[in-house]
Every structure is written in structure tokens, then in C-alpha cells.
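Protein chains in written order, with the working numbering: chain A, 49 to 604; chain B, 49 to 604.
There's no promise every hint is true.
[Said to hold, decoys possible] In silico contact screen, one side only, chain A against chain B (beta carbon under 7 Å); selected entries:
#1 126
#2 283
#3 336
#4 428
#5 446
[As the list claims (entries may be wrong)] For lysine to aspartate or glutamate, the following EDC-like pairs were computed, each having C-alpha atoms within a straight-line distance of at most 20 Å:
#6 B:399 to B:368
#7 A:135 to B:286
#8 B:241 to A:169
#9 B:241 to A:160
#10 A:399 to A:368
#11 B:204 to A:206
#12 A:449 to B:146
#13 A:241 to B:157
#14 A:204 to B:169
#15 A:336 to A:373
#16 A:241 to B:169
#17 B:135 to A:445
#18 B:336 to B:285
#19 A:241 to B:160
#20 A:336 to A:317
#21 A:449 to B:130
#22 A:473 to A:385
#23 A:533 to A:485
#24 B:393 to B:373
#25 A:204 to B:206
#26 B:204 to A:203
Just so you know, the hints here were simulated from the structure itself, not pulled from any lab data.
Glycine included, C-beta positions come from ideal geometry on N, C-alpha and C.
2 protein chains.
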Amino acid sequence: MRRSVADKARKLVKTTTSNRSLSSNSASHRPSPLPRFPLSPPPASSSNSSPLSQFALRFLTSLPSPSSDSMAPPPSSSLTVDTLNPKVLKCEYAVRGEIVTLAQQLQQELLENPGSHPFHEILYCNIGNPQSLGQQPITFFREVLALCDHPAILDKSETQGLFSADAIERAWQILDQIPGRATGAYSHSQGIKGLRDTIAAGIEARDGFPADPNDIFLTDGASPAVHMMMQLLTRSEEDGILCPIPQYPLYSASIALHGGTLVPYYLNEATGWGLEIPELKKQLEAAKSKGITVRSLVVINPGNPTGQVLAEDNQRGIVEFCKEEGLVLLADEVYQENIYVPDKKFHSFKKISRTMGYGDKDISLVSFQSVSKGYYGECGKRGGYMEVTGFSPEIREQIYKVASVNLCSNISGQILASLVMSPPKVGDESYESYSAEKDGILSSLSRRAKTLEDAFNSLEGITCNKAEGAMYLFPSIHLPQKAIKAAEAAKTAPDAFYCRRLLNATGIVVVPGSGFGQVPGTWHFRCTILPQEDKIPAVVSRLTDFHKGFMDEFRN
Amino acid sequence: MRRSVADKARKLVKTTTSNRSLSSNSASHRPSPLPRFPLSPPPASSSNSSPLSQFALRFLTSLPSPSSDSMAPPPSSSLTVDTLNPKVLKCEYAVRGEIVTLAQQLQQELLENPGSHPFHEILYCNIGNPQSLGQQPITFFREVLALCDHPAILDKSETQGLFSADAIERAWQILDQIPGRATGAYSHSQGIKGLRDTIAAGIEARDGFPADPNDIFLTDGASPAVHMMMQLLTRSEEDGILCPIPQYPLYSASIALHGGTLVPYYLNEATGWGLEIPELKKQLEAAKSKGITVRSLVVINPGNPTGQVLAEDNQRGIVEFCKEEGLVLLADEVYQENIYVPDKKFHSFKKISRTMGYGDKDISLVSFQSVSKGYYGECGKRGGYMEVTGFSPEIREQIYKVASVNLCSNISGQILASLVMSPPKVGDESYESYSAEKDGILSSLSRRAKTLEDAFNSLEGITCNKAEGAMYLFPSIHLPQKAIKAAEAAKTAPDAFYCRRLLNATGIVVVPGSGFGQVPGTWHFRCTILPQEDKIPAVVSRLTDFHKGFMDEFRN
Numbered sequence: 049m050r051r052s053v054a055d056k057a058r059k060l061v062k063t064t065t066s067n068r069s070l071s072s073n074s075a076s077h078r079p080s081p082l083p084r085f086p087l088s089p090p091p092a093s094s095s096n097s098s099p100l101s102q103f104a105l106r107f108l109t110s111l112p113s114p115s116s117d118s119m120a121p122p123p124s125s126s127l128t129v130d131t132l133n134p135k136v137l138k139c140e141y142a143v144r145g146e147i148v149t150l151a152q153q154l155q156q157e158l159l160e161n162p163g164s165h166p167f168h169e170i171l172y173c174n175i176g177n178p179q180s181l182g183q184q185p186i187t188f189f190r191e192v193l194a195l196c197d198h199p200a201i202l203d204k205s206e207t208q209g210l211f212s213a214d215a216i217e218r219a220w221q222i223l224d225q226i227p228g229r230a231t232g233a234y235s236h237s238q239g240i241k242g243l244r245d246t247i248a249a250g251i252e253a254r255d256g257f258p259a260d261p262n263d264i265f266l267t268d269g270a271s272p273a274v275h276m277m278m279q280l281l282t283r284s285e286e287d288g289i290l291c292p293i294p295q296y297p298l299y300s301a302s303i304a305l306h307g308g309t310l311v312p313y314y315l316n317e318a319t320g321w322g323l324e325i326p327e328l329k330k331q332l333e334a335a336k337s338k339g340i341t342v343r344s345l346v347v348i349n350p351g352n353p354t355g356q357v358l359a360e361d362n363q364r365g366i367v368e369f370c371k372e373e374g375l376v377l378l379a380d381e382v383y384q385e386n387i388y389v390p391d392k393k394f395h396s397f398k399k400i401s402r403t404m405g406y407g408d409k410d411i412s413l414v415s416f417q418s419v420s421k422g423y424y425g426e427c428g429k430r431g432g433y434m435e436v437t438g439f440s441p442e443i444r445e446q447i448y449k450v451a452s453v454n455l456c457s458n459i460s461g462q463i464l465a466s467l468v469m470s471p472p473k474v475g476d477e478s479y480e481s482y483s484a485e486k487d488g489i490l491s492s493l494s495r496r497a498k499t500l501e502d503a504f505n506s507l508e509g510i511t512c513n514k515a516e517g518a519m520y521l522f523p524s525i526h527l528p529q530k531a532i533k534a535a536e537a538a539k540t541a542p543d544a545f546y547c548r549r550l551l552n553a554t555g556i557v558v559v560p561g562s563g564f565g566q567v568p569g570t571w572h573f574r575c576t577i578l579p580q581e582d583k584i585p586a587v588v589s590r591l592t593d594f595h596k597g598f599m600d601e602f603r604n
Numbered sequence: 049m050r051r052s053v054a055d056k057a058r059k060l061v062k063t064t065t066s067n068r069s070l071s072s073n074s075a076s077h078r079p080s081p082l083p084r085f086p087l088s089p090p091p092a093s094s095s096n097s098s099p100l101s102q103f104a105l106r107f108l109t110s111l112p113s114p115s116s117d118s119m120a121p122p123p124s125s126s127l128t129v130d131t132l133n134p135k136v137l138k139c140e141y142a143v144r145g146e147i148v149t150l151a152q153q154l155q156q157e158l159l160e161n162p163g164s165h166p167f168h169e170i171l172y173c174n175i176g177n178p179q180s181l182g183q184q185p186i187t188f189f190r191e192v193l194a195l196c197d198h199p200a201i202l203d204k205s206e207t208q209g210l211f212s213a214d215a216i217e218r219a220w221q222i223l224d225q226i227p228g229r230a231t232g233a234y235s236h237s238q239g240i241k242g243l244r245d246t247i248a249a250g251i252e253a254r255d256g257f258p259a260d261p262n263d264i265f266l267t268d269g270a271s272p273a274v275h276m277m278m279q280l281l282t283r284s285e286e287d288g289i290l291c292p293i294p295q296y297p298l299y300s301a302s303i304a305l306h307g308g309t310l311v312p313y314y315l316n317e318a319t320g321w322g323l324e325i326p327e328l329k330k331q332l333e334a335a336k337s338k339g340i341t342v343r344s345l346v347v348i349n350p351g352n353p354t355g356q357v358l359a360e361d362n363q364r365g366i367v368e369f370c371k372e373e374g375l376v377l378l379a380d381e382v383y384q385e386n387i388y389v390p391d392k393k394f395h396s397f398k399k400i401s402r403t404m405g406y407g408d409k410d411i412s413l414v415s416f417q418s419v420s421k422g423y424y425g426e427c428g429k430r431g432g433y434m435e436v437t438g439f440s441p442e443i444r445e446q447i448y449k450v451a452s453v454n455l456c457s458n459i460s461g462q463i464l465a466s467l468v469m470s471p472p473k474v475g476d477e478s479y480e481s482y483s484a485e486k487d488g489i490l491s492s493l494s495r496r497a498k499t500l501e502d503a504f505n506s507l508e509g510i511t512c513n514k515a516e517g518a519m520y521l522f523p524s525i526h527l528p529q530k531a532i533k534a535a536e537a538a539k540t541a542p543d544a545f546y547c548r549r550l551l552n553a554t555g556i557v558v559v560p561g562s563g564f565g566q567v568p569g570t571w572h573f574r575c576t577i578l579p580q581e582d583k584i585p586a587v588v589s590r591l592t593d594f595h596k597g598f599m600d601e602f603r604n
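With these hints in hand, go ahead and build the complete structure from the sequences.
Here it is, written out as C-alpha cells:
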């Protein structure tokens, strides 16, 4: 049906507009040999400032028209790579970078020409996007969302047959918390108060310490919350943020966009990606000596891309360090439900600091949570929140003001954030099916993590730490010198060279370690544990075959 | 049920944590006489930098604990108003500012103590949030959203009885456009390709000119799209953005947050908020002479807060001006469906520029659209898109990169954006009910606009232009000198003084003109036309009574 609308519209265009505007101005009639955006692979921040290249570019992207002076350079105000905000240019985001663009291209080629590659599908292991790889949503959550989207069916008899009784009840409760039951209205800029009450109660139940709904800011996933904090903290490049290396590149991207300085601290791969306090102190002092005011410490627990789960003792040391140095602790706790080893447990930094006797005035702490991760994996819903404690009323007011400029986060995401913090309980009609779905997903993820970890460790030159939590493995590849030279010749980083070869040979998409940061001279890649379990044997055998062939080709 | 969870969690806390941590650190046990956030009214960017006030503040907000040195000033890195990013401090957003905070406080007082004010409800006319005031969502849109949220019911027999056939069909079509039918997966960072195809076809049908799905970037409402463009365009405060005065304060807020300079151009109130090209030229030259590089022109059409609909001729002049000066035209077209006068019609700037023979290489143009406005008013869904034309592939790549850092916009919002650009058509099962809902809303809005306009114009000292479109009236109040003096004494702007008195007397919330900008020495306020039609007579009589009393009190 859509196709026919588009076709009709196109026919309409052909009969109502002049030939000239169609031939000279229409995007769809551009004869350019240059592919339309996205380019693949993108040129690395190339600048086209000379009059000649400007002209060439303009010539390639559109035909000259009688009304334009296409030879003249653009006015200084117009937007070119040279007049773009340089912070944007500096920002990088490898999770959706060059390798992914290549993967999309290969996918298109497979669609148009099946059999054109030595694999029949692209397997996206580049991103923590469980449902894109076949994970099913939790039924109860989706029932409640659907009912809140279309409350008109709530009291229809057919609804009883389609939805569980507790989903219907929960939908009514949520609607009653929304002024006028209007799920289509902007909410309070921190989110609907009743949903924040539910989330605060969920945090209290998790931590055993009070949580205040006024400390909760609901956001469209965790990313906008991280941006908001970076925006508040960054005055200039003399402001620094301590970030783990390897890190989730949202942090480096956000720091670059806000014009601050990333102060790296290295996780110790030899001790299972240990976070060591002396390293924090060393890097803080080094930054200070360069005139950097370090404002904040980012900790990702469970780790991304590294998968480690911090021990309580370690967390206490981190809290003490932030308190002593007056740093805002930005705690990325979005993988709090993803723990795969029996000897580790998730503890929020708020709980740890409260057990140490530290309250609001002792430490400024922001905890990020998201509906995209956990066993729910609802990435497309863009729900999440930050719990903001230990700031003055004046700063809280500023955070509220920035939140208010975007009015509010999406209401479905808000509802889902309340649901993941308050799922069905023993005795609820959905409890058993909910528990079965949840346990099925988490135990399968745990098995997949172990199988992939073992597979990596069985390969020549690869060592891989355990994924204690989160959704990723971050194996280290000891690349032969010959491969490093070949990468140099191809003007790419050795790990990107490996990942590109892997993709071209197997259709498996992973992200080069250079996108996350790594100790110079070491090479890694991030691979999610998310392919469905029945696909894991094929993934392992494709990876193994490729790796053997690669090593045979490049072994010193 | 929520309440009992919270209570249980609180009981758990009381039995498992020490008295000390409860009494000295818990947010809920803080004995502070200072209200918890949000403050009401907020102190205007007050600074508490002296050691004494720092101490006083800390003392008021939390009890000292043995483990903290509350007398010592905080380390220079910790976050105070003095160490906050000054751009954040500078940003203002009146639509959710001081008056709204007061309204929320009054609402709470009414709830706790009915009869405590001379009105029984707060009427939020401060913001274009139709469903918060009782407007019902379009049934077809909600049916499709609910089905996409919970596709498991699509082939159940009960579903046929609950949902219209074309909603079921549309949900299937949309699911087929999503890889793996996974509405819970992150999508392409520009949005799901099939939905962008639908939107492009809708734009083609609207304009009669081709639209390219690769030009569409789906966003969480229009606000993040505006921020993204400001981020790309702004290098320093020497970069300027031409904005109408009065303007929608998202623009001033976003420019402040990104550190640029707002270059104002004044709309001519005497000619129905006319946008005059000589004024644009004058302000551009004035900015240039101050060393400002003007990068872009913002046009809001239909106007917010001013409600005018631009004539085609005028739009041509604007396009020509942008082309000549090399400015990026940022066209806020979110009210494209809200036109209330028969002699005016919405024309997109893309259509206008294409009819002038200008194509991609002649003019850089961004059109913003949102699901929050129109007859649909789905503010809580946070859906929208920008159509980006006339940029080089390199710049497009940078826009894509910035979009990719936040992964994607929410899928429900994406789906809804496709629906508003491709609603039911003649012959579809829902067409008649859809049309009746749509026409009912738009014709009622038109009547409400006229009634309120007439009411304002009947008041002493008030003149009000017609709302040809959008959702607002922006009457001018000729305040008596005595009122201006009283405002000065109360240390507030005269229009804010009037609005505060109006709220306290009637419960009606409007936004002072100073939040939007106005010719110095003139005073206005913005009032939405959104109260339900049966409430309009009461609004008019409350407004009229208040205004008469106000004028009697302050008449010179």
C-alpha cells in the first residue's frame, strides 16, 4: 500500500511540475556516480576546502542550474566541513561506524544478489540490541504498553480474552497516575510523578535504602541523561572526565561534543579488567599537572565493553576516592540485571555509599538505568532514568531546566521504565510466565557468554576474559607482525583490519577495540553475546574457520 | 498496588539499615525548612559562592555527619552554580518556567485544601499540550500503535472485534518494514527505512515535489532535531542564528546551550506579525558589523507564539534571502496542519524553493515536523522528523554521526510520524471516523481561536492579532504606568506581574511575553487556544473579570 502511495505521489509530481525542476533540482533524478548518503566507507573527516574540490563535489552531487553560480565558493556562513562546529567533527562513535556501514552495504548486496558473498546473512554482534537478533519481548510489559496506548479497549469484553488480568489492572493503575489519563500529553519534565514513585520504590526494594521520586529524571534511554550531565559539567577543554579505557564510546563522543577532555584510566586486563584505585589517583594527578580540572568519574558496572562486575570492596574504594576528590560519580548501571556468574552480585553505587554512611552531602552521584538492557532489551522504546543525589537545590534546578527544554521523555518509555523496576510479583497472574521468560533469557545469555568465551580462548593468539555481566566479550588478539604491516598498508588500524576481514568472510559484525580505547600496542574487538542460542554453533565455527585462515595467511 | 510496594520497601529499609544512616543521610528524613526541588519561585541564577553562604546552604540541605567536613569549601572540581557550564546557566525556557512552577504549587494546595483559592482547577494555557486539556487521540493512530506494541495479538480472533480492519492491516505493513518485526530493537539511526519511505511519499503528496527517504531523520519530537542543527552550526558566540522575535523559546534556549548568538529579527505586530525582508537584511548587516557570522535563519510557520501563516510571496522572499546570503533555512513547520482561516494555506519551504527552481545545491533547508501538534496533538509520544536537503555528503555524514550517538529515536514515535504523514484514505474502514475526529478537532480549534481573540480584543488596553494558525494567541497589553511601577517594586517584569496576578486570581496559566521576546516597552502574553470548547465561556469570563479588576486597581 505504501508503495502505491509513493508511486501515485511520483506520478502526481511528473504531471504537475515542469521538466526543468525535475531534471535540475530533484534528488531522485540526480545523475551522480557518487552514492547517496550514507557513504561507505566514510572518508575520515576529509576537508574539501579548495575551490577545485568544492566545485568537483558540487558538480558530482547536483547538475548546475541556470539560476545558480556553481563555480563561486559558498558564502562563509554556509555549512561545510570547514565551517562545521569542530567539536562535532572530533566526535566519534564506533558502535555505528565504518564497519557497520560496510555491513549494511553487504546486506543490501545479499538482498539484491543472493549468493554474492560466502554467507547468507549479516549477524550484527556490534551492538547490544537483543531484539534485533530474535530475543522476544517480555509479554507482560508489552501488554501493559499496548493497553496504555489504546485505553479505549480496557473495558471491552474481548480484552479479557487477549490480555492478562494483572496487565489490565496495571494499565488502569498507570492511567490513574497520569493527569486526565492522557498518555498523549507532555508530562512533568522529570516524568510522570506516579511512575517516579514506582521507580523510587523499586530502587528502595533493590538497595534497602530510601529513594526519592524527586531524584528521578526519566529520559529517552540512558544516552540523553549522560549528555545532560556532560553538558552541566563541561565549561571548556580544561574540564576533564575520568573514563575507563576501554569505555563505551557514548562517553568519549559526549565529552567531545561538549568540548571537554577525556581523562583515561586503564582497566587491568590481567586481573579481569580490574578497576584499580592507584590508577585512578595516578591519572587524576597527571591530568591536574596538565591544568585539567577533573570534575567527574565515569564507572560502568557491569562493564561495557569489558563485562566485569565490580566487587563491593572495590566500589567502596571508588566512592571514597570520589568523596575525597570532590568528583561527581557517574555510575552507568544499565546492565544491573545482566549478571552471569554465581559469585558476583550487582550493588548500586548509591547502596554502597549509603552503607558507608555517606549521604547526600558527602557525595554527588548519578545512577543511569535503561530499559534497553537487562533481560527486557527494549532498545526501541528509548526509556530510562537517572537518579540524581547529592547536588544542591540550585544545581537540581539547573538540571530540571535543561530537562524542561526538551519538555519530557516519551511516555511509553516512561511506563516501561516503571515496569522494569516493578515487574509482576508472586501471586500475580503473569508471574509464572514472566519469570519463565526472564529466566529463560538470562540463563541462555549466561550459556552463550560461556560458549563464546571458550571458543575465543581456544583460538591461536586470542585471550578472552569472562563476561561476568553485561552483554559483551572483549577478546584480545595478538596479531602477527605481518597482519599489522598489511593493516598499515591498507591505512587502517590492525584491529579494524581484522574486523573488516572477519565481516567480509563471515558476515559477522564486531567492533574494533580502537573504538573503545585500549592499551597502546594491544588489539581487541567487542562481540556481543546476543545471537540466538541455536545460531551460536555456527557463529563459533565461522569465527574459528576465519581466524585459522587469517593466522595462516599472516603468521610470522 | 504501587503504594503497598513502596510501603513494603520502606518497612524493609527500617528493619535492615542502621539508625545512623537513616537519620543522617536519608533524603526522606532531611529536616530542612527549604522545600525540596523544584523550588518555587526559583531564585534568578543566584550564586552562593562565599564560604558563609556555602555553609548555610549545606546546613539547610543536610545534617552534618561525623564523617564529613561540612565547614570546608568544596573542592574546585565539585559541581556548584559557580562551576557549572555557564551556557547552562544562561539558558532560559519560559514555557515551563517560574509561572508554571507557581501553578504546580497552587494545584498541590487545591488538592490538599480544596477551597483554598478562588478557583477549583488550574487551567494550563501555557503550553501546546492538547491532550492534557482533554483532546482525545485519533483512534486509528492509537489502534496501530497498540498493535505494534503487542503484535502477538494480531492474529487472535478477539482482535478483529477490538480493532478496525485497516488498523490491523497497517500494523502488519509496518511490522513487515521492521527487520525481524522487532519493534523493541534499535533502528537505523535515521529511523526505520520503510517508515521513512512512507513519510517521503507523504511529503511528495503534500508538496508535489520529490522527497527522498534518505533525507529524513526521525527524532524524539522536533526539539532534539533543532538542538542537532544548532550543534552543527555553532562554533562560538561569533556564530549567529537569525530568530524571529517573538520566538518559541526552544530556539533561544538551544542557541544559549550551544554557545551561539541569537540575532533577533522583529515580526511586525501592526501587519499581523508580518515577516519583512528589509528587517532581515537590516539585522543581518547589524550582526555582521559586530563581527557575527550569521549561519542560519529560523522561520516558524505557522507562527509560534504569534499564529500568523506566511503568504507564498513572503516565503519566496525568504528563500531568496537565504540563497543570497548562504544561510541555512531552518523551517519550523510543526503546525502545518493547524490552519484556521480559509484564505491561508500551508506551503512548505521546500515546495516554495522547488517552485522557484531552486534545488539541492541552491539552498540548504531543514524542515522540522512533529507528532505533537496538528489535529493529532500526540505530545507524549515524542515523534517527529527533520527533512534535510541541500547539504554536501560530508555534512550529511556528520549529521548521521551525531544522530547515531543517541542510536535512534523511539519506535512508537517513528511509527506515529509515518501515520500522520499517511493517515487513512477514502475507502479505508477507518476513513470516516478518522475524518470526523480530525475535522471535529480542527473546526473546534478554529472556533476557540476566534472566541478568545474576540474576547481579548474586547478588553481595555488589549489588542490581539488573529490566530491564522498554530495553537496560540499573543495579545498585547498596554499596561498602566501604575502597574509597571508595582511590577518594578515586586522586582518582576510587568507582563510577568500581570500573568502571576492572573494565575493567582483565576487559575489560568499563560506565559509572559518576555519569555518569547518582544519590542522593548511592549508587553504581551501567550495563551493557547486549547481549553475544551465547553470551558471557553468560563475562561473568557474569568479572564474578563480579572482584567477589569486589574485595570481598576492600576488605571492611571
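Does the alpha-carbon distance linking residue 241 of chain A and residue 157 of chain B stay inside the 20 Å limit? Between residue 241 of chain A and residue 157 of chain B the Cα gap is close to 16 Å, so the pair holds against 20 Å.
Check the hint pairing residue 449 of chain A with residue 146 of chain B against an upper bound of 20 Å on the C-alpha distance. holds (11 Å)
Need the status of pair residue 336 of chain A, residue 317 of chain A: alpha-carbon distance at most 20 Å? Violated. Residue 336 of chain A to residue 317 of chain A sits at ~26 Å, over the 20 Å cutoff.
Taking only the CA atoms, is the gap from residue 393 of chain B to residue 373 of chain B under or equal to 20 Å? violated (27 Å)
Given hint residue 160 of chain A paired with residue 241 of chain B - CA-CA distance at most 20 Å: holds (16 Å)
Given the hinted pair residue 399 of chain A and residue 368 of chain A, is their alpha-carbon gap at most 20 Å? Holds. Residue 399 of chain A to residue 368 of chain A sits at ~14 Å (cutoff 20 Å).
If you draw a straight line from the CA of residue 204 of chain A to the CA of residue 169 of chain B, is it 20 Å or shorter? violated (31 Å)
Given the hinted pair residue 336 of chain B and residue 285 of chain B, is their Cα-Cα distance within 20 Å? holds (13 Å)
Going straight from one Cα to the other, do residue 135 of chain A and residue 286 of chain B come out at no more than 20 Å? holds (16 Å)
Given hint residue 385 of chain A paired with residue 473 of chain A - CA-CA distance at most 20 Å: With Cα atoms ~16 Å apart, residue 473 of chain A and residue 385 of chain A stay inside 20 Å; holds.
Any CB of chain B closer than 7 Å to the CB of residue 336 of chain A? Constraint on residue 336 of chain A not satisfied, violated at 9 Å.
Going straight from one Cα to the other, do residue 399 of chain B and residue 368 of chain B come out at no more than 20 Å? holds (14 Å)
Going through the hint list in order, the structure does not satisfy hints 3, 14, 20, 23, 24.
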